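Enquirer: One-letter residues, chain by chain:
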Amino acid sequence: MKPFEYERADDVAGAVATLERDPDAKYLAGGTNLVDLMRLRVETPSRLVDVNRLDLGGIVVEADGAVRIGAAVRNSDLAADPVIRERYPVLSRALLSAASGQLRNMASVGGNLLQRTRCVYFMDSSKPCNKREPGSGCPAIVGVSRELAILGASEHCIATHPGDMAVALTALDAIVHFETAAGPDSLPMSGFHRLPGDDPSRDTNLPPGALITSVEVPPLSFGGRSTYRKARDRRSYAFALASVAAALDVEDGIIRDLRIAVGAVSHKPWRATVAEELLRGSPATPDRFEAAIRAELDIARPTEQNAFKIPLVTRLVVGVLDELAHP
Amino acid sequence: MSAIGASLARIEGIEKVTGAADYAYETTAEQETLYGWVVQSSIVTGRILDIGVDAVLALPGVVEVVTWRNAPHLEDTGDGELNVLQHAIISYRGQPVAVVIAETLETAREAANVLEVSYSAGESDVLMSPDHLRLYAPDKVNPAFETDSVIGEVDVALADAVTSIDHSYSTPALFNNPMEPHATTAEWQGGRLELVDSTQGSSVTAEQIGALFGIPGEAVHVRAEHVGGGFGSKGSPRPNVPLAAIAAKITGRRVKLAYTRQMMSSLAGYRTPTVSRMRLGADADGRLTAISHEAFSQTSTLFEFAEQTAEATRHMYAAPNRRTTHRLVALDVPTPRWMRAPGECPGMYALESAMDELAAAAGIDPIELRRRNEPERDPELDVPYSSRDLIGCMERGAELFGWAERDPRPAAHIDGRWAIGTGMAASTYPAMAQPSGAVVTAMPDGRYRLGINATDIGTGSRTVMRQIAADALDVEPEAIDIRIADSNLPKASVAGGSSGTASWGWAVTKACRELRISLQTGMTIPPDGITVTATTDAEIAAQEELSRHAFGAQFVEVRVDLDSGEVVVPRMVGVFAAGRIMNPRLARSQFIGAMTMGLGMALHEVGELDTVLGDYANHDFATYHIPACADVKDIRVEWLDEEDTHLSPMGGKGIGEIGIVGAAAAVANAVAHATGIRVRDLPIQPDKLIADLPARF
Numbered sequence: 001m002k003p004f005e006y007e008r009a010d011d012v013a014g015a016v017a018t019l020e021r022d023p024d025a026k027y028l029a030g031g032t033n034l035v036d037l038m039r040l041r042v043e044t045p046s047r048l049v050d051v052n053r054l055d056l057g058g059i060v061v062e063a064d065g066a067v068r069i070g071a072a073v074r075n076s077d078l079a080a081d082p083v084i085r086e087r088y089p090v091l092s093r094a095l096l097s098a099a100s101g102q103l104r105n106m107a108s109v110g111g112n113l114l115q116r117t118r119c120v121y122f123m124d125s126s127k128p129c130n131k132r133e134p135g136s137g138c139p140a141i142v143g144v145s146r147e148l149a150i151l152g153a154s155e156h157c158i159a160t161h162p163g164d165m166a167v168a169l170t171a172l173d174a175i176v177h178f179e180t181a182a183g184p185d186s187l188p189m190s191g192f193h194r195l196p197g198d199d200p201s202r203d204t205n206l207p208p209g210a211l212i213t214s215v216e217v218p219p220l221s222f223g224g225r226s227t228y229r230k231a232r233d234r235r236s237y238a239f240a241l242a243s244v245a246a247a248l249d250v251e252d253g254i255i256r257d258l259r260i261a262v263g264a265v266s267h268k269p270w271r272a273t274v275a276e277e278l279l280r281g282s283p284a285t286p287d288r289f290e291a292a293i294r295a296e297l298d299i300a301r302p303t304e305q306n307a308f309k310i311p312l313v314t315r316l317v318v319g320v321l322d323e324l325a326h327p
Numbered sequence: 001m002s003a004i005g006a007s008l009a010r011i012e013g014i015e016k017v018t019g020a021a022d023y024a025y026e027t028t029a030e031q032e033t034l035y036g037w038v039v040q041s042s043i044v045t046g047r048i049l050d051i052g053v054d055a056v057l058a059l060p061g062v063v064e065v066v067t068w069r070n071a072p073h074l075e076d077t078g079d080g081e082l083n084v085l086q087h088a089i090i091s092y093r094g095q096p097v098a099v100v101i102a103e104t105l106e107t108a109r110e111a112a113n114v115l116e117v118s119y120s121a122g123e124s125d126v127l128m129s130p131d132h133l134r135l136y137a138p139d140k141v142n143p144a145f146e147t148d149s150v151i152g153e154v155d156v157a158l159a160d161a162v163t164s165i166d167h168s169y170s171t172p173a174l175f176n177n178p179m180e181p182h183a184t185t186a187e188w189q190g191g192r193l194e195l196v197d198s199t200q201g202s203s204v205t206a207e208q209i210g211a212l213f214g215i216p217g218e219a220v221h222v223r224a225e226h227v228g229g230g231f232g233s234k235g236s237p238r239p240n241v242p243l244a245a246i247a248a249k250i251t252g253r254r255v256k257l258a259y260t261r262q263m264m265s266s267l268a269g270y271r272t273p274t275v276s277r278m279r280l281g282a283d284a285d286g287r288l289t290a291i292s293h294e295a296f297s298q299t300s301t302l303f304e305f306a307e308q309t310a311e312a313t314r315h316m317y318a319a320p321n322r323r324t325t326h327r328l329v330a331l332d333v334p335t336p337r338w339m340r341a342p343g344e345c346p347g348m349y350a351l352e353s354a355m356d357e358l359a360a361a362a363g364i365d366p367i368e369l370r371r372r373n374e375p376e377r378d379p380e381l382d383v384p385y386s387s388r389d390l391i392g393c394m395e396r397g398a399e400l401f402g403w404a405e406r407d408p409r410p411a412a413h414i415d416g417r418w419a420i421g422t423g424m425a426a427s428t429y430p431a432m433a434q435p436s437g438a439v440v441t442a443m444p445d446g447r448y449r450l451g452i453n454a455t456d457i458g459t460g461s462r463t464v465m466r467q468i469a470a471d472a473l474d475v476e477p478e479a480i481d482i483r484i485a486d487s488n489l490p491k492a493s494v495a496g497g498s499s500g501t502a503s504w505g506w507a508v509t510k511a512c513r514e515l516r517i518s519l520q521t522g523m524t525i526p527p528d529g530i531t532v533t534a535t536t537d538a539e540i541a542a543q544e545e546l547s548r549h550a551f552g553a554q555f556v557e558v559r560v561d562l563d564s565g566e567v568v569v570p571r572m573v574g575v576f577a578a579g580r581i582m583n584p585r586l587a588r589s590q591f592i593g594a595m596t597m598g599l600g601m602a603l604h605e606v607g608e609l610d611t612v613l614g615d616y617a618n619h620d621f622a623t624y625h626i627p628a629c630a631d632v633k634d635i636r637v638e639w640l641d642e643e644d645t646h647l648s649p650m651g652g653k654g655i656g657e658i659g660i661v662g663a664a665a666a667v668a669n670a671v672a673h674a675t676g677i678r679v680r681d682l683p684i685q686p687d688k689l690i691a692d693l694p695a696r697f
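Quick mapping for you: the protein sequence lines, in order, are chains A and B.
Numbers 1 to 327, taken from UniProt numbering, label the letters of the first sequence in order.
Numbers 1 to 697, taken from UniProt numbering, label the letters of the second sequence in order.
Errors might be hidden in some of the hints.
[Unchecked claim] Quick list of in silico lysine to aspartate or glutamate cross-link-like pairs, DMTMM-like style, CA-CA up to 20 angstroms: (1) A:Lys-26 with A:Glu-5; (2) A:Lys-2 with B:Asp-79; (3) A:Lys-26 with A:Glu-43; (4) B:Lys-688 with A:Glu-43; (5) B:Lys-140 with B:Asp-54; (6) B:Lys-249 with B:Glu-103; (7) A:Lys-2 with B:Glu-103; (8) A:Lys-2 with B:Glu-116; (9) B:Lys-249 with B:Glu-75; (10) A:Lys-2 with B:Glu-75.
Keep in mind that the hints were calculated from the coordinates and are not lab data.
From a predicted model like this one, the values you see are computed outputs, not experimental measurements.
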C-alpha cells in the first residue's frame, strides 16, 4: 500500500475544500471497496478524507412523498428501514442480495454508488487495463469476460458496474444530491453512471471532488409492487451475472406503467426503456414480456464468454415480470 | 472403554478458537524479525533483463533485495519450482523473480510493488487440450502408478455392446485454498536452518530443503505446531520455503515470508485441468463388457506432475475388457500438484457421470447398474479386496435419501420456477499406510510422553494419536502428553493420501505396545522415564498384496431455477465404508468438509485461464468462488461399521479425501435428472444451462 495522509472531516464544506486543494485525495466512508483497492494498489490516493463523522445520515419522508436517504446510511440500515421495505421492496431486496452481512453493515449509500468494477483485469495491477491505466489496453475483450458487459461497452472497456443498489435506484428514478466547491447540485440516476466510451477511467458524471450528500427516491404509486432478482454463481457473496429490478402497475391484465432496470450487463445500471415503452399499455403476458426484453437486447454485443447473458436476462426479466403480474 | 471410537474434542480446540495457537507466521520475538515479500514475474516465458534493485534499496527500511544475481546457490534436486532465483529464465507468469526484505511488512510490500523488473518475453503456450500436439505418455503417474493399462479387447467389446456411451468430461484448474496461506519463518544458526513452516509434513520439508542447500536433513529443524489446512498444497515444500531460507541466509537474520491469497494461484500448486474420454459398453443385462478411460492433463516445464486421473477406474467395476491411459502436456504454467484426492476426484467425476449416462441409456436404475457390475476381486490387480462395501453404502444411502420414490424420467418434476432432480454417485479412495516412527516414554509420575513428527492440518490428528496411544497403553487419553510436528521427533509420513492416521497410528501403536511389554517386566521407572522408539518399515513392507480401498455412495437433490439456471442443493447424503472410525466428531467434519468441497467443484470453482496473459485471472475469494454458507444446506453423513483386519492395527481406511470423490458427479447427475441437460464440463454454472432449460411459460 502506498503511504497516504489521513484526516477526518468536520463538515461538508471542509471536506469538499480539501479535495479541491488536493485532487488526488479521496473520501473514505465504509471503505469496503476503496481500502481493498488500495491494498491491491489499484487506488493510490494521496490522502483519505474520512467523512464518517459528517451529518449525512437519516432516512426522511419529505412533504412531497419522496424519501431522502443520507449518503452515510449503511446498506444494512437502509435495507431494514420500514418505509423502504413497504414502499420500495425492490431497493430493500437489492441491498440484501449484495455482498455479505458484514460488508452491508459498513457500506454506505454514497460509497456503494461509487463502487468500482470487479473486472479481474482492473483488480490486478500487474496487467493492462484502460480504466486503471488509460491507454494500456483492455485484455478482457479477448480474455476473461464472462461477467462483463453486453450493452453499451466500447472497444476500450467492457467493464460493468457491479452493484445491486444502483440498479434498484435506477428503476426508481432516484436523484443523487452532491456538494462541490461551487455549491450543491444533483444528477438523476439515469445520468449518474456513464458508458465507458473512449474514457473508461471515469465511472460516473460526478464532478471531480464532489461529495454525495443524499439520494432522493421520488414517490412511486406502484413501488410496493416491485422486486429484485439476481442471478449469480453462488447463493451469497457473489456479484451478479445479471440482475433485474422491476416494478409493475397492472389493471385488468393490462400494464399501466412499469419500470425495468438490468444490472451487471453494462458500465451503468441499464434502464430498459425500449422494453418499458413496448409494454406500457400491453397485456401482462409472458410472450409480451419476452418480446419486449428481446427488443431491448437487440443492441447487445456480447463476447463469446458472456453471450449467455442474453438468454439469462431474457428469462430473468420474463420471470420477474410474471411474478409481479401475479402477486 | 476404548478411546478409539470416542468423540473427543480437539486437544488444541480452545487455543485455536481463542487465537492463542501460533501458526507459522505468528512466532514471537518480533524485534529480531525481517519481512520478505515475493515479487512475481509479469511475463509468461522469457528472461529477466534487469531489476531496479538500487532504487528500492534506497527506500527507508528496505534491508535487501534478493534476485538471481545475488541469491545463494541451490542444488538441483529435480524440482525446478524449488530452484528459486537461480537464473534469469522465466517459465510461467507469477514465478518468483525477487524477494524484497524490509524491517516491516508494509515496507516490504510497498518496495516489492515499486521494484522495476524489465523482461524479454518469449512465446508461450498455456492451453491444455486432448488434441494438443505435444501430448506424451509419462513414465508413471502420481505417485508411481502405471501410465496405461490394457486388458482384453476393448474396441471389439465396445463395437459389440448392446448399450454404449462415448463422452468426454472435463474439470477446470482448481485451487487449494486452505484458510492459512503458505507461510514460513526461517533463521540460520551457523550451518543449521530453523524453520517454522505451514506444512503437511515437516520430515519431508527438512529433507528437501536440506538437499536444496546441500546440507543433511538433520541440519534443518522444521516445526509446524499448527497448520491451517493444506488439501495437498503443503504436502511438499513450495517456493515460499526456499525463498524464506534464502532471505534469512543473505541477511543473517530471521525472516518471515507468507503468500497473499492472490499468490496462492501460481505458487502453491493446484489441480490440473483434466479431460476424460469415457467409453462404456454393456450387454442386455447392463453388465459392463468394456471400460475405457483416456485421461489428459497438464504439467509445467519445471517439474513433471502426472495426475492419476484414470486410476480409480481400474478398481471400481467388473468388466472383461478394460483400458486406461494418461497423456500429459508440459505447458508454460505453474506446476499442478496434489489437491484433495488427486486422480480419484476428477476421474470419478468422469466415471460416475458416465455410469449415470449408461444407466439412463440402458433404462436401469443407477444403483442397480452398479450392483450388477460389482467385482469379486480387484479387476485389474487381480487380487481380493481387503473389504469392499459399496453396495452397503448405496443401500443405506438410498434408504436415508428416499431413493426408492424416485421417478427416473428427466425434467419430469417442475415446481413453479424450479426443476427438481436427484442423482447419486459412488465414492472411493485407496487405504494406504507409509512407514513412520514414534517415541513414547513412561514417566515415574504415571504419565506418558508421546512424540511423532506427524502434522495436524486441522483434521484433529493430534487428538486421534492420543486416542490410539491410550488404547495401546491401556490408559486414559489424559495421561498422555503428545508432541507432534517437529522434525527432531521420529520421522513420520506426510499428512496426505488420507494415510496419516493409519501410518502414524501404526507406529504409535507399536511403540506403545512395546513399552507396555517393557513395563510388565516389573522394572522401576528411572527419573527420566523408560523410552521406546518404534518404526513400521518392516510391517508396511510385509503387508500382503490386496486391493485396499474405502468406498462410499453420495446422493444429491438439486433445484434448478428455470429463470436463471442457478443450481441449489437442498440436501446431500453421504454413506461411507471406511473401516473403523477413530473419532466420530472429527470424522464427521472431514466427510462434510470434503462433500462441501465437492459441491464447490460441481457448482462454483473454476480457474479462468487467460490464454494471452498466461495465467488464471481470478485469483482471490471474490472471483474464485467456493461455497458460501448459503450454498450448503443439509449434508447428512453416515458410515457403516466395517471391520477390516488387513489394514493397520487400528483398522481404519482413511477418511480425509473420499468425501470429495463422487460428490461432483452426484450433483451433475441430479442436474441432468432435473433438467434433462447433461453438463460434461465443470463447474455447472448458469451459463451451461440457461440456453437449454425447459420453457417455463
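Enquirer: Each of the hints needs a verdict: does it hold here or not?
Expert: Quick rundown of the hints versus the structure:
1. A:Lys-26 with A:Glu-5: Measuring from Cα to Cα gives roughly 10 angstroms; hence the hint holds.
2. A:Lys-2 with B:Asp-79: Violated, at about 36 angstroms.
3. A:Lys-26 with A:Glu-43: Between A:Lys-26 and A:Glu-43 the Cα gap is close to 10 angstroms, so the pair holds against 20 angstroms.
4. B:Lys-688 with A:Glu-43: violated (35 angstroms)
5. B:Lys-140 with B:Asp-54: Distance ~47 angstroms between B:Lys-140 and B:Asp-54 Cα, so the pair is violated.
6. B:Lys-249 with B:Glu-103: holds (16 angstroms)
7. A:Lys-2 with B:Glu-103: holds (16 angstroms)
8. A:Lys-2 with B:Glu-116: holds (16 angstroms)
9. B:Lys-249 with B:Glu-75: holds (15 angstroms)
10. A:Lys-2 with B:Glu-75: The hint is violated at about 37 angstroms.
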